[in-house]
Amino acid sequence: MKIARKVQAGTMQSSDLMVFLEPAETLTVTIDSTVLKQFGELIRAKVDEVLRRHHVESGEVRITDRGALDYAIEARLETALFRAAEE
Amino acid sequence: MGNFMLRRSLLYVPGNMPSMLQNIPIFNCDAVIIDLEDAVPLSEKDAARHLVKHFLMNYTERNKELLVRINPLDSKWGYEDLKVVLPALPDGIRLPKADTPEIVERLDTLLTEFEEELDLEIGRFRVLPSLESALAIINAVGIANSSQRIFALAFGAEDYTASMEIERTKGGEELFNARTRVLWAAKAAGIQAIDTIFADVNDMEGLKAETELAKRLGYTGKCLVNPRQIEVVHDVFAPKKEEVDYALQVIEAIQRARLLGTGVISLKGKMVDAPVVKRAARVLRTAYAHGMVDTLIDEEAIHGAQ
Chain A
1 MKIARKVQAG TMQSSDLMVF LEPAETLTVT IDSTVLKQFG ELIRAKVDEV LRRHHVESGE
61 VRITDRGALD YAIEARLETA LFRAAEE
Chain B
1 MGNFMLRRSL LYVPGNMPSM LQNIPIFNCD AVIIDLEDAV PLSEKDAARH LVKHFLMNYT
61 ERNKELLVRI NPLDSKWGYE DLKVVLPALP DGIRLPKADT PEIVERLDTL LTEFEEELDL
121 EIGRFRVLPS LESALAIINA VGIANSSQRI FALAFGAEDY TASMEIERTK GGEELFNART
181 RVLWAAKAAG IQAIDTIFAD VNDMEGLKAE TELAKRLGYT GKCLVNPRQI EVVHDVFAPK
241 KEEVDYALQV IEAIQRARLL GTGVISLKGK MVDAPVVKRA ARVLRTAYAH GMVDTLIDEE
301 AIHGAQ
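Residue numbers (our numbering), protein chains in the order written: chain A, 1 to 87; chain B, 1 to 306.
Check the hints yourself; a few may be wrong.
Under the rule of at most 27 Å between Cα atoms (straight-line distance), these lysine-lysine pairs were calculated in the DSSO-like manner [unchecked claim]:
#	chain 1	residue 1	chain 2	residue 2
1	B	K208	B	K240
2	B	K268	B	K208
3	A	K6	B	K241
4	B	K45	A	K46
5	B	K215	B	K241
6	B	K208	B	K270
7	B	K241	B	K270
8	B	K268	B	K240
9	B	K45	A	K2
10	A	K46	B	K270
11	B	K170	B	K215
12	B	K187	B	K278
13	A	K2	A	K37
14	B	K187	B	K270
15	B	K64	B	K83
16	B	K76	A	K2
17	B	K187	B	K215
18	B	K215	B	K278
19	B	K64	B	K278
20	A	K2	B	K83
21	A	K6	B	K215
Pairwise CB distance ranges, derived in the manner of DEER restraints [as the list claims (entries may be wrong)]:
#	chain 1	residue 1	chain 2	residue 2	range
22	B	E105	A	V35	44 to 52 Å
23	B	E116	A	M1	49 to 57 Å
24	A	V35	B	L120	48 to 56 Å
25	A	E49	B	E80	22 to 30 Å
26	B	S75	A	F20	25 to 33 Å
27	B	G206	A	Q8	35 to 43 Å
28	A	E41	B	R216	54 to 62 Å
29	A	R52	B	E113	44 to 52 Å
30	B	N202	A	L42	55 to 63 Å
31	A	M1	B	H290	47 to 55 Å
32	B	L89	A	P23	50 to 58 Å
33	A	S58	B	M164	29 to 37 Å
34	A	Q8	B	E61	31 to 39 Å
35	B	D298	A	F20	57 to 65 Å
Example chain A residues on the side facing chain B (calculated, C-beta under 8 Å, incomplete) [said to hold, decoys possible]:
#	residue
36	Q8
37	A9
38	S14
39	F20
40	A24
Hint data in this document are derived by calculation from the structure and do not stem from the laboratory.
Think of the CB as a built atom: it goes at the ideal place given N, C-alpha and C, for glycine as much as any other residue.
Chain A extracted, bound-state conformation (with noise of 0.2 Å):
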């Protein structure tokens, strides 16, 4: 999968997050979170999971979470990928 335009995914409600992607020549994500001393290694990992499981091998991917639980991690990345790569 491609990121192909500049989109956003998700609130910043307490237990969600939002995703900010961006067409770029390599690969980078960063992550900020409010609980991100506790779980900024497991956040990463399913947000690597995703990227690979989506083939996503370029593009600059900004995650603000607010506590999200995995499935709405993996929820809102999906829908920013899927949005991202629409014609």
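We have chain A; now place chain B onto it with these hints.
Quick look at chain B alone, frame taken from chain A:
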């Protein structure tokens, strides 16, 4: 009555809010209706269905009935809602704007197609049609019989009053005919009837009064917009202790009657026969769900051995 299932409280949960979805396991309602329709802005329809799909796929130890309210089938989102959400196995679909039997039949056909594709038992996904317009009320009887998947009819007063170009009041006089017609259609088809939401979450007395009216008329459950409403609704639908005691006496009396080779007997001067026994059985099943009696009444106690 064989597939009796308690549905006193059906709580709406907005489909695009993780904080609410995550609470579904701890709500003590009988069913939830995850909403992809009115609670989701047009720009977020895609996001909400992905969120609901992933939530359902992770919610494997389910402790209540799970329905999803999709967007109307004639909108551009309805079909896509089904396609994304059904693989995550909700129990059923709440169909908004079920104005005609044909609309429900269309959903039935789509559900069969998805069941075939997903290799599921045909008829697995149940349907709860929303009767929420003048046209739907007129067509209630046909809608109730339009699909084997339908387990209840739901009355939707907010859209109904809009379609009638009238205000909805707390007294509910303006809803009386529609409420009754939905009930007749449901009872004649042998399915449940679910009453409309009560929107004012701070008015518990109003909610109680409306739920009592619905129960008196024959409704078996109510849709809710806030978890705080659950307890009030359960209290109203809970049988009173005297009702339960009387129902137990009725069952005992009819069993005595059968031993004597008759289907009718007098209990404290009042006649007990088949319809009275049926009503008592319903009270006892509801009482069982409330933990008021220890054993679930069996079919033989209700109908007698063949």
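A quick look at each hint next to the structure:
1. K208/B <-> K240/B: holds (15 Å)
2. K268/B <-> K208/B: Violated. K268/B to K208/B sits at ~32 Å, over the 27 Å cutoff.
3. K6/A <-> K241/B: The given pair, whose Cα atoms are some 63 Å apart, is violated under the 27 Å limit.
4. K45/B <-> K46/A: holds (24 Å)
5. K215/B <-> K241/B: With Cα atoms ~17 Å apart, K215/B and K241/B stay inside 27 Å; holds.
6. K208/B <-> K270/B: violated (31 Å)
7. K241/B <-> K270/B: holds (19 Å)
8. K268/B <-> K240/B: holds (19 Å)
9. K45/B <-> K2/A: Holds, at roughly 22 Å.
10. K46/A <-> K270/B: The hint is violated at about 67 Å.
11. K170/B <-> K215/B: Holds. K170/B to K215/B sits at ~16 Å (cutoff 27 Å).
12. K187/B <-> K278/B: With a Cα-Cα distance of about 14 Å, the restraint between K187/B and K278/B holds, given a limit of 27 Å.
13. K2/A <-> K37/A: violated (31 Å)
14. K187/B <-> K270/B: holds (25 Å)
15. K64/B <-> K83/B: holds (23 Å)
16. K76/B <-> K2/A: Judged against 27 Å, a Cα distance of about 25 Å means the pair holds.
17. K187/B <-> K215/B: holds (14 Å)
18. K215/B <-> K278/B: With a Cα-Cα distance of about 17 Å, the restraint between K215/B and K278/B holds, given a limit of 27 Å.
19. K64/B <-> K278/B: The given pair, whose Cα atoms are some 26 Å apart, holds under the 27 Å limit.
20. K2/A <-> K83/B: Given pair K2/A, K83/B holds - Cα atoms ~23 Å apart, limit 27 Å.
21. K6/A <-> K215/B: violated (53 Å)
22. E105/B <-> V35/A: 44 to 52 Å: Holds, at about 49 Å.
23. E116/B <-> M1/A: 49 to 57 Å: Given a distance of about 28 Å, which is not inside 49 to 57 Å, the answer is violated.
24. V35/A <-> L120/B: 48 to 56 Å: Roughly 38 Å apart at Cβ, these two residues miss the hinted range, so it is violated.
25. E49/A <-> E80/B: 22 to 30 Å: holds (25 Å)
26. S75/B <-> F20/A: 25 to 33 Å: holds (29 Å)
27. G206/B <-> Q8/A: 35 to 43 Å: holds (41 Å)
28. E41/A <-> R216/B: 54 to 62 Å: holds (58 Å)
29. R52/A <-> E113/B: 44 to 52 Å: violated (32 Å)
30. N202/B <-> L42/A: 55 to 63 Å: violated (40 Å)
31. M1/A <-> H290/B: 47 to 55 Å: holds (51 Å)
32. L89/B <-> P23/A: 50 to 58 Å: violated (36 Å)
33. S58/A <-> M164/B: 29 to 37 Å: Taking Cβ atoms as reference, S58/A and M164/B lie about 56 Å apart, which means the hint is violated.
34. Q8/A <-> E61/B: 31 to 39 Å: holds (33 Å)
35. D298/B <-> F20/A: 57 to 65 Å: Given about 59 Å between the Cβ atoms, the range holds.
36. Q8: Check failed: Cβ of Q8/A comes no nearer than 10 Å to chain B, outside 8 Å.
37. A9: Result: holds, 6 Å to nearest chain B Cβ.
38. S14: Because about 6 Å separates S14/A from the closest Cβ in chain B, which is inside the 8 Å limit, the hint holds.
39. F20: violated (14 Å)
40. A24: violated (23 Å)
Hint violations for this structure: numbers 2, 3, 6, 10, 13, 21, 23, 24, 29, 30, 32, 33, 36, 39 and 40, all remaining hints satisfied.
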